[in-house]
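Spelled out from the first residue to the last, the chains are:
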Amino acid sequence: MSPGGFELFSLLYIPTWVAVLAIGLFSYLNSAAILVYAERRVASFIQNRVGPNRVGPAGLLQPVADVVKLLLKEDVTPTHGYKVLHAVAPMIPVITALMSVAVIPFGEGLYVTDINAGVLYILAVASLGVYGVTLAGWSSNSKYSLLGGLRAAAQMISYELPMGMAVASAVLVAGSLSMVEIAASQEYLWNIFINPIGAVIFIVAAFAEANRTPFDLVEAEQELVGGFHTEYSGMKFGMFFLAEYMHVFIGSILITTFFFGSYHLPFAGYWLPELSPLLKGVLDVSVFSAKVVFWCFVFIWVRWTIPRFKYNQVMKLGWARLLPLSILNFMIIAAGLYIYHNVL
Amino acid sequence: MLENYFPILVLAIVAIVLAIVLMTLSRILGPFRPNATKLNPYESGMDPVGEARDRYSISFYLVAMEFIVFDLEVVFIYPWAVRYLDLGFGTFIAMMIFIIMLFVGLLYTLKKGTLDWELNNYRG
Chain X
2 MSPGGFELFS LLYIPTWVAV LAIGLFSYLN SAAILVYAER RVASFIQNRV
52 GPNRVGPAGL LQPVADVVKL LLKEDVTPTH GYKVLHAVAP MIPVITALMS
102 VAVIPFGEGL YVTDINAGVL YILAVASLGV YGVTLAGWSS NSKYSLLGGL
152 RAAAQMISYE LPMGMAVASA VLVAGSLSMV EIAASQEYLW NIFINPIGAV
202 IFIVAAFAEA NRTPFDLVEA EQELVGGFHT EYSGMKFGMF FLAEYMHVFI
252 GSILITTFFF GSYHLPFAGY WLPELSPLLK GVLDVSVFSA KVVFWCFVFI
302 WVRWTIPRFK YNQVMKLGWA RLLPLSILNF MIIAAGLYIY HNVL
Chain Y
2 MLENYFPILV LAIVAIVLAI VLMTLSRILG PFRPNATKLN PYESGMDPVG
52 EARDRYSISF YLVAMEFIVF DLEVVFIYPW AVRYLDLGFG TFIAMMIFII
102 MLFVGLLYTL KKGTLDWELN NYRG
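From first to last, the protein sequence lines are chains X and Y. The opening position of the first sequence corresponds to residue 2 in the numbering used here, with each subsequent residue numbered one higher. The opening position of the second sequence corresponds to residue 2 in the numbering used here, with each subsequent residue numbered one higher.
Derived contacts from chain Y toward chain X, CB cut-off under 7 Å, selection only:
{"id": "1", "residue": "9"}
{"id": "2", "residue": "12"}
{"id": "3", "residue": "16"}
{"id": "4", "residue": "23"}
{"id": "5", "residue": "43"}
{"id": "6", "residue": "64"}
{"id": "7", "residue": "68"}
{"id": "8", "residue": "111"}
For the record, the hints were derived by calculation from the structure and aren't laboratory data. Model, not experiment: these values are computed from the prediction. Where a beta carbon is used, it is the ideal one built from N, C-alpha and C, also for glycine.
Using the sequences and the hints given, assemble the complete structure.
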């Protein structure tokens, strides 16, 4: 509940947080549809082919057609599968993905709520998504599903550690666990300029958390068929699909918020003049969206450029490379900031 | 402070309702014509052999165990990272010793080969 906040909404007698929540949820759900279309168009551009261009102008209505198709498909639960878990599993990633909208600042004063444990909330909600994938693998009673689910669980918890350490080094700079204050603290200097190694670690970990190439072992078609969603059809499969693209979107948002200045232009504090609240709001949201769109594009770009790792390589990268590096980086940043504030 | 969590409650309810509505829509709109072959778990077109929930590699278990140790470490670090400038030099050194100890622990497990995925490399 932002005090003061954005004046436009108060003219309409809507509390700012309700308006931000509604718009945020709307853009989350639509981001998935748009990303599916974008992914297929970018992929076909990279592979020098046409891509979907039949449904609507330039194929823009393709996601709508996809959703209608998924809704009209039969919903199959395999024999000896746990019926209840099989139905609950696809809901978990969607719910947890949507929950993360609550603490993200989209602009100055444009956030749903500012809790003083925002970072912990984001990490907690993000790791709850593991349950959906694991339960899907376990409840399907299929060997491919179980292996996919186990791989997903091991991979996601492994990359959560370097991710947590990288975020901790961003917390050092802001001196707060509130997402709003972390965003605000980057007005003069984006975190990537203070902490470039942490940013790289966070980006790699974000790719692994979203189960995207080069870390998409979880659903490696050649060895695991469909991975954890082998036995899913209809909208249940659709929800995993939705969650996957929402995770790409959230990954981009978190990269932007923690390391790329959130809604600030580079070094904005030094040169940006005082603007009227409406103009500032529009500018903030445009800057934020532009950065998020860029990172979404990078997610797609990497997927169609880099081949997949082997599983032992994924685990080795996580535990033997990224985790020690992130711990060392954290200590260096902590020591550096301590000396900067107390000695210099 | 607690009223700041009210929007999260609202959001949770909206998200859960949305997920349930999507699932129900698919149940209502889709056909339902099950038969034994269709409901068989997929195993590349063959009849499934045995139960799927079989024993699996111990490495998954080891990873989960290591995860708990290092995740707790990260959780301990967060509160310190927020207030470290006010806590003085003694706390700073104490925290550095804590992190170095866990770092050495990580190097030890890596040297031992616990997290090597090829288990024949285990040098226990």
